[in-house]
Structures are given as structure tokens and as C-alpha cells.
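S.K.: Listed below, chain by chain, are the residues.
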Amino acid sequence: MDWRYLFASVPGSSHLRRGAHCDDASVVVEGHLANGSPVLIAAVADGAGTASRSSVASKLACRVLTAQISEAVSIIDDLAPLDGDRARSLVAHVVDQLNREADREGVAIREYATTLLAAAVGPKDVVFLQIGDGAMFVGEGDDYPWVFWPQHGEYANTTNFITDRDALNRLEVDHVRAEIKEVALMTDGLERLALNFRDQVTHDPFFAPPFGQLRQQAAGHCIWLEQGLEAWLKSDLVNGRTDDDKTLILASRV
Amino acid sequence: MFPQKPFEPPKEFFDNPEQRCACVLLLDTSGSMAGQPISAVNDGIRAFKEALMTDELAVKRVDLAIVTFGPVEIVRDFQTADDFQPPTLEAKGDTPMGEAIRQAITMVRNRKDTYKENRIAYYRPWIFLITDGAPTDAWKSAATSVHEGEAAKGFNFFAVGVEGANLETLKEISPPNRQPVMLKGLNFRELFIWLSSSLSTVSHSKPGDEVSLPHPTGWATI
Chain E
341 MDWRYLFASV PGSSHLRRGA HCDDASVVVE GHLANGSPVL IAAVADGAGT
391 ASRSSVASKL ACRVLTAQIS EAVSIIDDLA PLDGDRARSL VAHVVDQLNR
441 EADREGVAIR EYATTLLAAA VGPKDVVFLQ IGDGAMFVGE GDDYPWVFWP
491 QHGEYANTTN FITDRDALNR LEVDHVRAEI KEVALMTDGL ERLALNFRDQ
541 VTHDPFFAPP FGQLRQQAAG HCIWLEQGLE AWLKSDLVNG RTDDDKTLIL
591 ASRV
Chain R
16 MFPQKPFEPP KEFFDNPEQR CACVLLLDTS GSMAGQPISA VNDGIRAFKE
66 ALMTDELAVK RVDLAIVTFG PVEIVRDFQT ADDFQPPTLE AKGDTPMGEA
116 IRQAITMVRN RKDTYKENRI AYYRPWIFLI TDGAPTDAWK SAATSVHEGE
166 AAKGFNFFAV GVEGANLETL KEISPPNRQP VMLKGLNFRE LFIWLSSSLS
216 TVSHSKPGDE VSLPHPTGWA TI
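Protein chains in written order, with the numbering used here: chain E, 341 to 594; chain R, 16 to 237.
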């Protein structure tokens with residue numbers, strides 16, 4: 341593996357007060373192209389607060405999508421074929437799986453409402469896809485520009501979910517030919533810390549310290565550093581700014 | 016030539032970029048509210064502020080304005096709860112409820128534009144009417160605006176009648192899905208504490224949360 345990475349999802353302080361679960365999920369998978377080159381595949385999801393199965397939905401969505409992408413990249417030599425319609429069909433498959441789960445459990449699909457964001461990073465190109473709020477970032481030295489602006493409706497408590505009827509029309513997909521060195525994915529719980537909404541730019545100081553530490557680690561899943569990330573996400577410093585569930589994935593090429 | 020002055024955001028949004036939940040209190044201060052009722056309202060507003068102050072996010076997110084009638088007067092323009100100073104209202108005049116409602120709707124619309132200009136995220140605003148009488152002006156067009164605004168999800172409108180209020184008119188003004196409620200005696204304090212906790216819930220809500228008002232308990236007669 342030529343990536344070092346860490347990820348964590350922690351429940352927000354308001355959920356802890358109500359004894360509710362964490363509705364966020366995150367998954368990182370190490371895949372390979374047909375030619376053997378490694379592909380970092382990362383996904384985050386935020387289940388809707390009012391949906392009763394949201395914590396199941398976010399985990400299932402991340403797991404199914406990363407597995408789908410891993411399979412899809414194993415028979416191609418670059419990520420271009422994942423752009424556009426292929427990306428939409430991958431997400432449609434995730435929705436199918438959620439529909440099956442809903443049928444099995446005898447509940448409405450809206451109880452599985454969740455956002456979904458994913459990145460597949462190969463040696464020479466990258467594919468991003470996103471429905472809903474939350475954000476992804478690309479590291480360029482000291483700058484961390486965002487990929488898609490978080491999808492919010494008119495009101496702060498409205499967004500798009502993959503279970504919405506017209507979700508696939510709202511799916512944003514981007515394929516970029518570039519050697520990406522660092523990526524970050526987050527759910528909306530951290531948006532206000534990492535993004536400056538007034539100027540619609542990244543608040544770069546948010547990323548500099550954790551990426552600085554990550555770069556000093558050996559390749560692979562940095563479990564030890566991950567404990568530090570979890571502790572920080574649960575700290576009063578972070579909870580003073582947001583009471584929502586929070587998820588962060590950071591990955592840095594070795 | 017001097018360079019043009021760069022755009023500077025209003026201090027309130029620069030210092031506090033938190034998302035906002037605008038709430039207009041539309042309060043009847045007509046002559047019939049004189050004495051005990053108006054002092055109970057003033058008491059209630061103080062309790063309202065105190066209750067909001069105990070919630071560290073709501074205090075930065077709930078954006079309050081007070082409009083009294085009559086005559087129609089903006090007693091407090093939008094301010095977050097930490098800056099909000101409870102007024103001491105006096106009862107006088109008639110009940111131009113129609114004009115007051117139109118004023119509140121305009122304020123809410125303008126406030127949303129201000130949020131957008133400053134890229135401040137916001138929740139659906141609240142218009143909260145309290146009255147002990149019946150409109151003394153033309154109110155039908157105001158009722159239509161309330162119904163249209165509710166249907167377009169532009170704001171939430173909620174009416175509370177105090178003893179003596181014309182409940183039939185309030186029903187016609189209120190959106191069909193949110194019928195007016197009668198206040199039990201002068202339980203303004205309980206009403207405002209309930210309102211504060213409802214606004215706190217809204218200001219903590221996440222994408223996907225459909226926020227409806229909790230059932231009024233302890234202050235309503237239904």
C-alpha cells in the first residue's frame with residue numbers, strides 16, 4: 341500500500357445527551373487496478389436524524405459502495421470509466437441494497453435516508469462522487485481546496501439523500517487526471533470548522549496539523565494516530581462548535 | 016482615485032457566523048392588555064431570554080425580533096439571544112393585526128435576503144402571534160399571505176389567543192395545519208419557556224430533521 345490513512349466517526353454531543361447512536365459512518369478500502377496499481381477508496385455517510393434506520397443505512401451505504409468501486413476498478417487500468425453513468429449505476433446499486441434491507445425489515449425506504457460521499461484515488465487520476473452535505477478536499481501543499489460545495493437546501497436542516505426519488509440527478513461526479521497526494525472526507529458535522537461559508541473557501545488551518553502528523557507515519561492504517569483523532573473529535577474544543585455526529589477521513593500518499 | 020472600499024460583512028455575522036433561526040414575536044399591546052396581562056408578557060419575555068441563554072448554541076442561533084401592535088412598531092429588530100435586551104412594553108391603542116402580520120412577513124423575507132448576502136445558513140423562520148382581541152384593520156389579505164407563506168415553506172406561523180381573543184378570526188388567519196391555541200390564564204412565563212425550548216430544538220436540528228412544535232403543555236387550554 342502506498343497510502344497512510346486514518347478515519348473516525350464519533351457521535352455528537354446532542355446525540356449522546358439523547359442516548360442516540362452515531363448516524364455517521366466511514367470506510368476505507370485498499371483496492372487495485374487491473375495493472376496492479378493501488379487505489380485508495382474512501383467513503384463517508386451521514387444518516388438523517390429523523391430516519392429510524394439511519395445508522396444502519398450510513399454503514400451499509402459506505403460498505404456497499406466501497407466494495408462496488410473496489411470491484412469496478414479491478415478490471416480497468418485508469419479511473420476514467422467510473423465517470424458519469426457508471427458512477428450513477430454504482431450509487432443506484434447502493435440504493436437497491438437499501439431498498440432490499442427496507443423490504444426485509446418491513447419499513448419505508450425513507451427510514452434509510454443517508455448522504456453519501458466517496459473518493460477513489462489512483463496513481464494518475466481520481467474520481468469523486470457526492471449526494472448531500474459534507475465535503476471532500478484535495479491536499480495541494482498547504483492548500484486544501486474543496487471538491488463539491490456541500491448540498492444544502494434553502495434551510496440549514498435540509499439536504500439531499502440517496503434515498504430521495506431524484507437522488508441520481510443530484511449526484512455530483514468528477515473525474516480528474518492528476519496525481520493526488522492527499523485527500524480528506526468529512527460529514528456535515530465538521531463543515532463549519534473546515535469551511536469558511538462566507539467566502540466559500542476552505543479554512544486551511546483546520547487540516548495542516550493532522551496532515552502534518554499523518555505524513556510522519558508509516559504506510560497503512562494508522563490506528564495509533566486514529567485514537568488521537570477520535571479524542572480530538574470528542575473534545576470540548578470541537579463540541580463547542582458543533583453538536584452533530586462527526587466523521588473525518590484523512591489519507592496521505594507515502 | 017481611491018480604491019473602492021472592499022465589502023465588509025456586518026459585524027454581527029463576522030463575529031458570529033453560526034446558522035440562524037429567525038423568530039418574530041408579534042405582540043398585541045392594545046389597550047385591553049393593560050395592567051396584569053402586559054406585565055405578565057414582560058415577565059415572560061425576560062424568562063424567554065434567560066431560558067435561551069442556558070443553551071450555548073441556541074444563544075448564538077436564535078435571531079429575535081419584536082413587533083408590537085398597535086400602533087405597529089418594531090420594538091426590537093433581529094438580534095441573537097445574547098444581545099437581545101427584553102423590552103418593557105406598555106399597553107395602548109387599537110389592534111391593527113393585519114398590518115402587523117404584513118410587517119412581520121416583510122421582516123422575515125428581508126432577513127432571509129440578508130442571510131443570503133452574508134452566506135449565513137438559516138432555518139425556516141418563525142412568526143409567533145399573541146393577541147387578546149380581534150383585528151381592528153383589514154386582515155383578510157394578511158391571512159392570505161400567511162397561508163401562502165406556509166404553503167411555500169417560507170416561514171412557520173403560530174397564533175396564541177389570550178382570554179378575550181376572537182378565536183374564530185385567529186383560526187381563519189392561521190394556516191390549516193397549525194390551528195391557534197388559547198393561553199391558560201396569564202401563563203405567559205410557561206408559554207415563553209416552551210417557545211424557547213422549541214426554538215432550541217430547531218436551532219440544533221440536522222439535515223433530515225422535520226421540526227414540528229412540541230405539544231403545548233402547562234400553558235394552553237386545549
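Calculated from the structure, these hints are not laboratory results. Just so it is clear, the structure is predicted and the values come from calculations on it, not from any experiment. Just so you know, not all the hints are guaranteed correct.
Once the Cα atoms are required to be at most 25 Å apart in a straight line, the calculated SDA-like pairs of lysine to any residue come out as [what the hints assert, rightly or not]: (1) R:Lys-26 x E:Arg-532; (2) E:Lys-521 x E:Leu-508; (3) R:Lys-186 x R:Ala-166; (4) R:Lys-168 x E:Tyr-495; (5) E:Lys-574 x R:Leu-72.
For the chain R half of the interface with chain E, some residues (derived, Cβ under 8 Å), not all of them [to be verified]: (6) Pro-32; (7) Val-90; (8) Arg-91; (9) Thr-129; (10) Asn-133; (11) Ala-136; (12) Arg-139; (13) Phe-143; (14) Phe-173; (15) Ser-220; (16) Thr-236.
A partial selection of chain R residues facing chain E, derived with a Cβ cut-off under 10 Å [said to hold, decoys possible]: (17) Phe-29; (18) Gln-34; (19) Arg-35; (20) Met-68; (21) Lys-127; (22) Arg-134; (23) Ile-135; (24) Tyr-137; (25) Tyr-138; (26) Lys-168; (27) Val-217; (28) His-219.
Every residue, glycine too, gets a C-beta built ideally from N, C-alpha and C.
S.K.: It remains to establish, for every hint, whether it holds in the given structure.
M.R.: We went through each hint and held it up to the structure:
1. R:Lys-26 x E:Arg-532: Satisfied, since the Cα-Cα distance of roughly 18 Å is no more than 25 Å.
2. E:Lys-521 x E:Leu-508: 29 Å, violated
3. R:Lys-186 x R:Ala-166: 16 Å, holds
4. R:Lys-168 x E:Tyr-495: 10 Å, holds
5. E:Lys-574 x R:Leu-72: 17 Å, holds
6. Pro-32: Since chain E brings a Cβ to about 6 Å from R:Pro-32, closer than 8 Å, the hint holds.
7. Val-90: 27 Å, violated
8. Arg-91: Check failed: Cβ of R:Arg-91 comes no nearer than 23 Å to chain E, outside 8 Å.
9. Thr-129: Hint violated; R:Thr-129 Cβ to chain E Cβ min 13 Å, cut 8 Å.
10. Asn-133: Given a least distance of 7 Å, the restraint on R:Asn-133 holds.
11. Ala-136: This interface hint holds because 4 Å falls under the 8 Å limit.
12. Arg-139: The hint holds - R:Arg-139 has a Cβ within 8 Å of chain E, the shortest such distance being about 5 Å.
13. Phe-143: 18 Å, violated
14. Phe-173: It is violated, given that the least Cβ distance between R:Phe-173 and chain E is near 17 Å, above 8 Å.
15. Ser-220: 4 Å, holds
16. Thr-236: 30 Å, violated
17. Phe-29: R:Phe-29 check passes; min Cβ-Cβ to chain E is 8 Å, inside 10 Å.
18. Gln-34: 4 Å, holds
19. Arg-35: 8 Å, holds
20. Met-68: Cβ of R:Met-68 sits 16 Å from chain E, so the hint is violated.
21. Lys-127: Holds - the Cβ of R:Lys-127 comes within 10 Å of chain E, reaching about 8 Å at its closest.
22. Arg-134: 5 Å, holds
23. Ile-135: Where the cut-off is 10 Å and the nearest Cβ of chain E is about 7 Å from R:Ile-135, the hint holds.
24. Tyr-137: At about 6 Å, which falls below the 10 Å cut-off, the nearest Cβ of chain E leaves the hint on R:Tyr-137 intact, so it holds.
25. Tyr-138: 5 Å, holds
26. Lys-168: 8 Å, holds
27. Val-217: 8 Å, holds
28. His-219: 6 Å, holds
The structure shown violates the earlier hints numbered 2, 7, 8, 9, 13, 14, 16 and 20.
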